[in-house]
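Given the coordinates of chain A, assemble chain B onto it according to the supplied hints.
There are 2 protein chains.
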Amino acid sequence: MRITLLITLFAISSIFSQTEDERQMKAIYDMALTEGKAYDWLNYLSNQIGGRLSGSVQAQQAVEYTQNQLDSLGLDRVWLQPVMVPKWVRGTPEFAYIETKPGLTTNVPICALGGSVATPDVGIKANVIEVNGIEDLEKLGSEKIKGKIVFYNRPMDPTEISTFSAYSGCVNQRYSGAAEAGKYGAIGIIVRSMNLRLDDYPHTGSMSYGDTPVQNRIPAAAISTKGADLLSTTLQLNPEINFYFKQNCKQFDDVESYNVIGEIKGSTYPNEIMVVGGHLDSWDLGDGSHDDGAGVVQSMDVLRLIKASGYQPQRTIRVVLFMNEENGLRGGNKYAEVAKSKNENHVFALESDAGGFTPRGFSFDCSDEDFAQVEGWKKLFEPYLIHMFIKGGSGADIGPLKDEGLVLAGLRPDSQRYFDHHHAENDTFEHVNKRELELGAATMTSLIYLVDKYGFGVQKKVKG
Amino acid sequence: MRITLLITLFAISSIFSQTEDERQMKAIYDMALTEGKAYDWLNYLSNQIGGRLSGSVQAQQAVEYTQNQLDSLGLDRVWLQPVMVPKWVRGTPEFAYIETKPGLTTNVPICALGGSVATPDVGIKANVIEVNGIEDLEKLGSEKIKGKIVFYNRPMDPTEISTFSAYSGCVNQRYSGAAEAGKYGAIGIIVRSMNLRLDDYPHTGSMSYGDTPVQNRIPAAAISTKGADLLSTTLQLNPEINFYFKQNCKQFDDVESYNVIGEIKGSTYPNEIMVVGGHLDSWDLGDGSHDDGAGVVQSMDVLRLIKASGYQPQRTIRVVLFMNEENGLRGGNKYAEVAKSKNENHVFALESDAGGFTPRGFSFDCSDEDFAQVEGWKKLFEPYLIHMFIKGGSGADIGPLKDEGLVLAGLRPDSQRYFDHHHAENDTFEHVNKRELELGAATMTSLIYLVDKYGFGVQKKVKG
Numbered sequence: 001m002r003i004t005l006l007i008t009l010f011a012i013s014s015i016f017s018q019t020e021d022e023r024q025m026k027a028i029y030d031m032a033l034t035e036g037k038a039y040d041w042l043n044y045l046s047n048q049i050g051g052r053l054s055g056s057v058q059a060q061q062a063v064e065y066t067q068n069q070l071d072s073l074g075l076d077r078v079w080l081q082p083v084m085v086p087k088w089v090r091g092t093p094e095f096a097y098i099e100t101k102p103g104l105t106t107n108v109p110i111c112a113l114g115g116s117v118a119t120p121d122v123g124i125k126a127n128v129i130e131v132n133g134i135e136d137l138e139k140l141g142s143e144k145i146k147g148k149i150v151f152y153n154r155p156m157d158p159t160e161i162s163t164f165s166a167y168s169g170c171v172n173q174r175y176s177g178a179a180e181a182g183k184y185g186a187i188g189i190i191v192r193s194m195n196l197r198l199d200d201y202p203h204t205g206s207m208s209y210g211d212t213p214v215q216n217r218i219p220a221a222a223i224s225t226k227g228a229d230l231l232s233t234t235l236q237l238n239p240e241i242n243f244y245f246k247q248n249c250k251q252f253d254d255v256e257s258y259n260v261i262g263e264i265k266g267s268t269y270p271n272e273i274m275v276v277g278g279h280l281d282s283w284d285l286g287d288g289s290h291d292d293g294a295g296v297v298q299s300m301d302v303l304r305l306i307k308a309s310g311y312q313p314q315r316t317i318r319v320v321l322f323m324n325e326e327n328g329l330r331g332g333n334k335y336a337e338v339a340k341s342k343n344e345n346h347v348f349a350l351e352s353d354a355g356g357f358t359p360r361g362f363s364f365d366c367s368d369e370d371f372a373q374v375e376g377w378k379k380l381f382e383p384y385l386i387h388m389f390i391k392g393g394s395g396a397d398i399g400p401l402k403d404e405g406l407v408l409a410g411l412r413p414d415s416q417r418y419f420d421h422h423h424a425e426n427d428t429f430e431h432v433n434k435r436e437l438e439l440g441a442a443t444m445t446s447l448i449y450l451v452d453k454y455g456f457g458v459q460k461k462v463k464g
Numbered sequence: 001m002r003i004t005l006l007i008t009l010f011a012i013s014s015i016f017s018q019t020e021d022e023r024q025m026k027a028i029y030d031m032a033l034t035e036g037k038a039y040d041w042l043n044y045l046s047n048q049i050g051g052r053l054s055g056s057v058q059a060q061q062a063v064e065y066t067q068n069q070l071d072s073l074g075l076d077r078v079w080l081q082p083v084m085v086p087k088w089v090r091g092t093p094e095f096a097y098i099e100t101k102p103g104l105t106t107n108v109p110i111c112a113l114g115g116s117v118a119t120p121d122v123g124i125k126a127n128v129i130e131v132n133g134i135e136d137l138e139k140l141g142s143e144k145i146k147g148k149i150v151f152y153n154r155p156m157d158p159t160e161i162s163t164f165s166a167y168s169g170c171v172n173q174r175y176s177g178a179a180e181a182g183k184y185g186a187i188g189i190i191v192r193s194m195n196l197r198l199d200d201y202p203h204t205g206s207m208s209y210g211d212t213p214v215q216n217r218i219p220a221a222a223i224s225t226k227g228a229d230l231l232s233t234t235l236q237l238n239p240e241i242n243f244y245f246k247q248n249c250k251q252f253d254d255v256e257s258y259n260v261i262g263e264i265k266g267s268t269y270p271n272e273i274m275v276v277g278g279h280l281d282s283w284d285l286g287d288g289s290h291d292d293g294a295g296v297v298q299s300m301d302v303l304r305l306i307k308a309s310g311y312q313p314q315r316t317i318r319v320v321l322f323m324n325e326e327n328g329l330r331g332g333n334k335y336a337e338v339a340k341s342k343n344e345n346h347v348f349a350l351e352s353d354a355g356g357f358t359p360r361g362f363s364f365d366c367s368d369e370d371f372a373q374v375e376g377w378k379k380l381f382e383p384y385l386i387h388m389f390i391k392g393g394s395g396a397d398i399g400p401l402k403d404e405g406l407v408l409a410g411l412r413p414d415s416q417r418y419f420d421h422h423h424a425e426n427d428t429f430e431h432v433n434k435r436e437l438e439l440g441a442a443t444m445t446s447l448i449y450l451v452d453k454y455g456f457g458v459q460k461k462v463k464g
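In the order they appear, the protein sequences are chains A and B.
Here the first sequence stands for residues 1 to 464, numbered as in full-length UniProt numbering.
Here the second sequence stands for residues 1 to 464, numbered as in full-length UniProt numbering.
Since the hints were derived computationally from the structure, they do not count as laboratory data.
Idealized CB from N, CA, C, for every residue including glycine.
Treat the hints with caution; some may be incorrect.
Stated by the list, open to error - To give an idea of the chain A side of the interface with chain B (calculated C-beta under 10 Å), a few residues:
| # | residue |
| --- | --- |
| 1 | K26 |
| 2 | L33 |
| 3 | K101 |
| 4 | L104 |
| 5 | P158 |
| 6 | T159 |
| 7 | E160 |
| 8 | K340 |
| 9 | T358 |
| 10 | P383 |
| 11 | D420 |
| 12 | N433 |
| 13 | K434 |
To be verified - If you want the footprint, here are the derived chain B segments under chain A, 3+ residues with CB under 8 Å:
| # | stretch |
| --- | --- |
| 14 | 54–61 |
| 15 | 384–394 |
| 16 | 414–426 |
In isolation and in its complexed conformation, chain A is listed as follows (with noise of 0.2 Å):
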């Protein structure tokens, strides 16, 4: 009942506004796919600096630049926040082959999971065990596993129509799949990329030895998917080939790096905050296009289509461009902690870290009444063919943020293409469509727009 009076309420006040907010959005719209700057700082980020993993050299360029860019744009303020984030560094291509007899080998594209440690010098050489997930391991007991290398072989489901729900269908072999084989004996891992298609590229990202202690860490690698199922049917016709892999990478102490924050102050309600954001860092083998770059830029194109738009907010608008997301999420943590120390009042918090693919919509962490309120503004968005408002995750950098009363989204752009390139070395630019980027963005701005004039938290205060 009271959900419905707030409905009628915000369709009252929406009718009286369409046509301002119609007028408004087609602005954003137009301006984005005319004069956009997203592309033209991805293209910077992509192809002058590069994918930009924690700690690296890179990343402190894609501090720098994106600092710079923002300084340009006539914000009210903008500066980095310092943040201690891990350095994993990669070292020499890794090598591996599966060898069928003594001297007959064949080479098969893999990558170190970032996290992982190194091989010994000479590489690991040994049996392989193939399981279709870590249930498989209790069943094969440390007597078939115990001296061999696992190889977690379990696809993602194509039948998902969200290739994010399949990721997350096969994700924990890559994220647990060493810890979880070393405690019966297994002295290296091999796991099938997380990829819909069959191709050359092998798929790195984070994974974690949890409480291994450090001598008994084993290492682990991710295989091609074609050259998952070239291993997966030589140990059909063969259960006892070896496979060898050998990797150089290493974790180094922790250096500080940092969270780049850029704002406009809000003209009624400064103390209440907006969080627009993706995450600066990237994992190493591509140049971090899609993951996250494209959120990075349009994260900072919200804001300077906000301005450019002429519309002057209510409330205080952020941009946040999180540092080390991949591999820590330092950046989200130390950002929640301050804003927290600081007793800082966040209303809404957006990330864009799902690709640089034509939006479709959002999805809501919040409560049934504030999500109601979303659903009314759904007609705005049909022009713009945005028709996907649902309730679930948000972004992992604004997680943290996570409180009674903020609402977190995510923009949902589509998601067929994205584990093609997801963590891998064709995560480029090339990849990425302008127009497509450019209508994240708008759809972005679009959706902040929004909360700024009729803001949640007006809402509360009725109903308060």
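This is chain B only, laid out in the frame that chain A set:
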């Protein structure tokens, strides 16, 4: 009132069979995504055959290949429908340059428009007059146009969310530009490529001289978007520069070709025909993967998926692979002509000819009553993120079938990247994503299933 009643009746029948429809559609999507054939067929069409311009050896190879593949599916009948098609040949590659002073030239990428005449052997060189569309010709008049090359430079409007709308807004420059400019004494035309990106690919496409006598026809070429920008800038600096181009294309006599047709006979209403199709011919510059290899292989997979799902259609489902959509529409016209001469009862026709990208929905050319019925199925498509059910055009090839009572539909994939590739050298296999293609095939199959099961005709009988 009548519409409301129909909707209500349909809604009730929907509720009763919802679970079965949901199950059937899930089976269709699962099969398309795990054992779809569309991508393999496209691989062959694109990489073993390539561009399939009407009258070419490749077009004939495509006829034979698809006929063989349809034969292998165990359909009730597969046949070729003869049709005479135009044969236009590009000849040796085109060549063009901007001459800022005698001897100082910059090459620019061009291609002849389909159907254009050649230049003289030595090419043509002349001053250039830039216009923003055909409307400008009258203002300029013969005095300023005579003896010059007309340069049509109106770009696609980037603020149109549907890129097809942007295409509609300037394609008349390509289609009628030569005929119109010729009336004012122009000696050739250059058209900015119908492409929203800035790149180096010229995009060909059909053009017509209308009733221009043969001896008065002037050569017509497309220039890449980057080439167009360079030419425009150069003209601003010095309107007296020359443009040179040479092309060697030729129109031959019509040759015999074929529509490729296969069908599954309906169990209950074999005389009610539902057509699903795309066009087998393509332009010659790329391999025609998006335009319209994708539509061809999706349409073929519709019949395969229907059979593989175990569903026994009540009505006849016919796949038609139309010849010569690009430069004549002879196949579409022939199919309709034969259908009418045989007094065949077509109840539905669905075309896929907008690229192999993530499907978003369908557009329908039909009565309000039939559209209301279609909208009742919307909910069934939601799990597959198919959200766009609009009234509008369907497809060029099925257009000639149009008749009162016949429902025409077109698959509507995401359009953002389509004109990056359309009619250009980069319309190639690697730009088609397997999942996106398969989702399109499943979406089409699901619609065919629903039309077969509920039949627009049933409503008409109820009304009668």
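Status of the hints after comparison with the structure:
1. K26: holds, 8 Å
2. L33: L33 of chain A check passes; min Cβ-Cβ to chain B is 5 Å, inside 10 Å.
3. K101: violated, 33 Å
4. L104: violated, 31 Å
5. P158: Given a least distance of 5 Å, the restraint on P158 of chain A holds.
6. T159: Holds - the Cβ of T159 of chain A comes within 10 Å of chain B, reaching about 5 Å at its closest.
7. E160: Interface hint status for E160 of chain A: holds (9 Å vs cutoff 10 Å).
8. K340: violated, 37 Å
9. T358: holds, 5 Å
10. P383: holds, 7 Å
11. D420: holds, 7 Å
12. N433: holds, 5 Å
13. K434: holds, 7 Å
14. 54–61: violated (count 0)
15. 384–394: holds (count 4)
16. 414–426: holds (count 4)
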